[in-house]
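Got two chains here, separate frames each, mind docking them using the hints?
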Amino acid sequence: MDELSDLPRLLSGDKKAWDSFVARYAGVIYAAVHRRLIPAGRVEEAEDVAQDVFLRLCSRDFHLLRSYDPGKAKLTTWLTVIATSAAIDHLRRQKGRAQDLDSLPEAALAEDPVTPAWVKIPPGLLSPRQTLVLELLYQRDLDPAEAAAILEVDAQTVRSTHHKALTKLRAHFKEGEGEG
Amino acid sequence: MVKRQDGPEGDRAIWQAARAALRAEAARTAPPHEMEIAAYLDGRLEGQELERVEAWMASSEAALKLVMAARESLASDPGRAPESVIRSATALLGGPAEEDRRGWLERLGSAVIAPAWRPAVTAIAAVIFLLVCAGSFELGRQESRYLAQFHAEPSDLDGPSLGLDDDIL
Numbered sequence: 001m002d003e004l005s006d007l008p009r010l011l012s013g014d015k016k017a018w019d020s021f022v023a024r025y026a027g028v029i030y031a032a033v034h035r036r037l038i039p040a041g042r043v044e045e046a047e048d049v050a051q052d053v054f055l056r057l058c059s060r061d062f063h064l065l066r067s068y069d070p071g072k073a074k075l076t077t078w079l080t081v082i083a084t085s086a087a088i089d090h091l092r093r094q095k096g097r098a099q100d101l102d103s104l105p106e107a108a109l110a111e112d113p114v115t116p117a118w119v120k121i122p123p124g125l126l127s128p129r130q131t132l133v134l135e136l137l138y139q140r141d142l143d144p145a146e147a148a149a150i151l152e153v154d155a156q157t158v159r160s161t162h163h164k165a166l167t168k169l170r171a172h173f174k175e176g177e178g179e180g
Numbered sequence: 001m002v003k004r005q006d007g008p009e010g011d012r013a014i015w016q017a018a019r020a021a022l023r024a025e026a027a028r029t030a031p032p033h034e035m036e037i038a039a040y041l042d043g044r045l046e047g048q049e050l051e052r053v054e055a056w057m058a059s060s061e062a063a064l065k066l067v068m069a070a071r072e073s074l075a076s077d078p079g080r081a082p083e084s085v086i087r088s089a090t091a092l093l094g095g096p097a098e099e100d101r102r103g104w105l106e107r108l109g110s111a112v113i114a115p116a117w118r119p120a121v122t123a124i125a126a127v128i129f130l131l132v133c134a135g136s137f138e139l140g141r142q143e144s145r146y147l148a149q150f151h152a153e154p155s156d157l158d159g160p161s162l163g164l165d166d167d168i169l
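From first to last, the protein sequence lines stand for chains A and B.
For the record, in the first sequence the residue sitting at position 148 is 148 according to this note's numbering, with numbers rising by one throughout.
For the record, in the second sequence the residue sitting at position 150 is 150 according to this note's numbering, with numbers rising by one throughout.
Don't read these hints as lab results, they were simulated from the structure.
Just to be clear, a hint being listed does not mean it is correct.
Using 30 Å as the maximum straight-line C-alpha spacing, the simulated DSS-like pairs for lysine-lysine come out as follows [what the hints assert, rightly or not]:
#	chain 1	residue 1	chain 2	residue 2
1	A	Lys120	B	Lys65
2	B	Lys65	A	Lys72
3	A	Lys168	B	Lys65
4	B	Lys65	A	Lys164
5	A	Lys174	A	Lys164
6	B	Lys65	A	Lys95
7	A	Lys164	A	Lys120
8	B	Lys65	A	Lys74
If you're wondering where the values come from, they're calculated on a predicted model, not measured in any experiment.
Just chain B, same shape as in the assembly (with noise of 0.2 Å):
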């Protein structure tokens, strides 16, 4: 029975009454996940989203300590981390960076080349490309023109050879 008491004691009463009640409603609401949590403390959540999140906190202890801790992190300064906090991190990824994966031509090209020339530079490099193709295309018809003739005098012999093995027969 809750006890007729008024003012703020009276208030206490009431809530001390009905809080594990009302705790255990709130409990069954499903925990939200991190980014949920992030989008509470942004300010980003509106409509049942946002009662999702109040009634977890409404629910746990651990999760009222979660936002409040959080809000006090976001509030203040972060300041710089240990060095041997920044070095253990970075050592946890291995291998190398996207930069040095690439071939050391391309390194050597952009190296060696101004940025803003690079279009240029790529075109130029394609019009002599074309061009040595058409020069080979060209020097290769022209010598496969000329093997053609070369191997064509047996072959265009061929009729009267048959008069010459004659001759020599």
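Okay, chain A solo, but in the shape it has when bound (with noise of 0.2 Å):
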């Protein structure tokens, strides 16, 4: 059957629909939040993330679940995404702010306000992807393979990625080295 025929009759309100949706999805909703808070050692409270994740759905008439845009992905992956981050966001409220260094601003955390000026790197000089693949192979100690399954891409798109980025930002220091 079709994952989205139900989608209008259950955005209306139609309780059977919902209950159908109910039983379909669970399983995704639930294990995606079990699976985010097991390395938490939280797992007993999945049960309450997964129905927390289940009311934001039907909350004020469903307004969560009419964002969602069957042209751009599909349910089950929204579904995942959405329950992966609610699981993320009680962790975060769990651990409290103190200790968790997540829950700063990224930009905070990012910007070193006391980096030299030759570090400062031009807006531009890195894609996007080049500074993750960077971030992916040295901050989380990825092979390129593995970096390449969550890119979706393949290990020696990795690799070329790797030794470009390198490039630019070796010329950049050298430039930099030449300045000074």
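Below is the structure:
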């Protein structure tokens, strides 16, 4: 059966359509939440978080569910993103502000106010993908094949992106040394 | 200053020197919403939309975690949720189903008449309705003619009644 065939009835508030939606996607939502809570050792909270996801989906006259665009992604993928995001938010709230660096604004973490001028990188020097590849390979210590799986490209593309990124950075730093 | 080193350690040192600035630049991009992230995971983004999501992933540890975890979830069989999750979620929406909101006559009709016969039955019902309307109209017309006659009698005597009255008088 088409995963979207019941969507119009569901959005009109039909109880049967909601029940079949829940029966069909509860597994997807629960699994995504559960998977994210395992490393934090908070699996027992998975049911509450899954329930929050369903509440978000149906509250305010299905406001969130109405934002789903079938032309952009599969419903299963979108629900997985919503559920994973809800689990991450839940963990963040639980951790509290004091110890959790993730809860700080990313921009505040990213920019070092005492960064020397020569380390500043001109906008557009690296593409977002080049920056991401370096992050995956060095910060997360993934090998090219693992990084390729996340980006859904082949490992050779990752190697070549990495090489181009480092070439640009080396050239930039060399230029900086020359000026200094 | 970036120490000159060769090989992988040199590459890592270059990246470490540049990381803060690279992340700061990536963080200037507005974070994508959930629909865009889902589209990215389905491989349906390109151009600026794709760059926006990848910049967000490069700028934020949490963003990268979200995409990686979602990808892992999508790659595995979700299995079945506990019954308690399904029960509580279905209870979130009260009210009757669309089918239950229909009138009793409609429900009786759909229960008694086979779906294949429903158009024919509707057509026959419409013809019967028209015949009844036409019959009622004809009946009403005849009755009004009769009533007109009935009411006409005294008025027809209006003229001569004067004479009768005269006689009585």
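(message) Given the hinted pair Lys65(B) and Lys72(A), is their Cα-Cα distance within 30 Å?
(response) holds, 22 Å
(message) What's the verdict on Lys168(A) and Lys65(B), does the C-alpha distance respect the 30 Å limit or exceed it?
(response) holds, 27 Å
(message) Against the 30 Å threshold, does the CA-CA distance of Lys65(B) and Lys74(A) hold or violate the hint?
(response) holds, 20 Å
(message) So if I understand the rule, the pair passes when the alpha-carbon distance is 30 Å or less; does Lys65(B) with Lys164(A) pass?
(response) holds, 25 Å
(message) Check whether the Cα positions of Lys164(A) and Lys120(A) lie no farther apart than 30 Å.
(response) Since the Cα atoms of Lys164(A) and Lys120(A) sit roughly 19 Å apart, the hinted pair holds (cutoff 30 Å).
(message) So if I understand the rule, the pair passes when the alpha-carbon distance is 30 Å or less; does Lys120(A) with Lys65(B) pass?
(response) Roughly 26 Å separates the two Cα atoms, so the pair holds.
(message) Would the hint linking Lys65(B) and Lys95(A) be met if the CA-CA limit is 30 Å?
(response) Distance ~16 Å between Lys65(B) and Lys95(A) Cα, so the pair holds.
(message) Tell me if the straight-line CA distance from Lys174(A) to Lys164(A) falls inside 30 Å.
(response) holds, 15 Å
Consistency note: the structure conflicts with none of the earlier hints.
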